[in-house]
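Asker: Sequence:
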Amino acid sequence: NRDDDERPYSYSSLLACGGKSSQTPKLAGKHRVVVPHLRPFKDEYDKFSGTYVNNRIRTTKYTLLNFVPRN
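Using my numbering, the first residue of the sequence shown is number 1, and each one after it goes up by one.
Calculated directly from the structure, the hints in this document are not laboratory data. Idealized CB from N, CA, C, for every residue including glycine. It cannot be assumed that every hint is accurate.
[As the list claims (entries may be wrong)] Label pairs and their computed distance ranges (CB to CB):
#, residue 1, residue 2, range
1, K30, G50, 33 to 39 Å
2, K42, P69, 36 to 42 Å
3, F67, D46, 35 to 41 Å
4, V68, D46, 56 to 62 Å
5, Y45, N66, 39 to 45 Å
6, K42, N66, 49 to 55 Å
7, K47, F67, 40 to 46 Å
8, K42, T63, 36 to 42 Å
9, R39, T60, 52 to 58 Å
10, H31, N55, 34 to 40 Å
11, E44, L65, 43 to 49 Å
12, R39, P69, 49 to 55 Å
Use the sequences and the hints to build the structure in full.
Answerer: Given below as structure tokens:
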């Protein structure tokens, strides 16, 4: 039953150790299907993701001079 599952992991503990937890999962060595489900950790994710600098590169093809008529 999914409601009886223990959730020993948190988003921050997975980030701190590079995605691996120090606790051994119950299903270690068995085949399992992992389904991403961010909802329980959304607030924690928002807290951490807000502290990182955006690496987006902003370039533009046009400047204001491109829109000034030449005649």
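Asker: Decide, hint by hint, whether the structure agrees.
Answerer: Structure-based check of each hint:
1. Between K30 and G50 the beta carbon distance is about 37 Å. The supplied range of 33 to 39 Å therefore holds.
2. In this structure the hint that K42 and P69 lie 36 to 42 Å apart at CB is violated, the actual value being about 51 Å.
3. Between F67 and D46 the beta carbons are some 39 Å apart, a value that agrees with the proposed interval 35 to 41 Å.
4. For the hinted restraint 56 to 62 Å between V68 and D46, the CB-CB distance of approximately 43 Å leaves it violated.
5. The given range of 39 to 45 Å is respected by Y45 and N66, whose C-beta atoms sit roughly 40 Å from each other.
6. Taking 49 to 55 Å as the suggested C-beta distance range, the pair K42 and N66 does not conform, at roughly 42 Å.
7. Remark: the range hint 40 to 46 Å for K47 to F67 is upheld by a beta-carbon distance near 42 Å.
8. For the hinted restraint 36 to 42 Å between K42 and T63, the CB-CB distance of approximately 40 Å keeps it satisfied.
9. Against the hinted window of 52 to 58 Å, the Cβ-Cβ separation of R39 and T60 comes to about 37 Å, which falls outside the hint.
10. Restraint check, H31 to N55: a C-beta distance of roughly 37 Å satisfies the suggested window 34 to 40 Å.
11. One distance hint, 43 to 49 Å for the beta-carbon pair E44 and L65, holds here, with the actual separation near 47 Å.
12. For R39 paired with P69, a C-beta distance near 54 Å keeps the hint of 49 to 55 Å intact.
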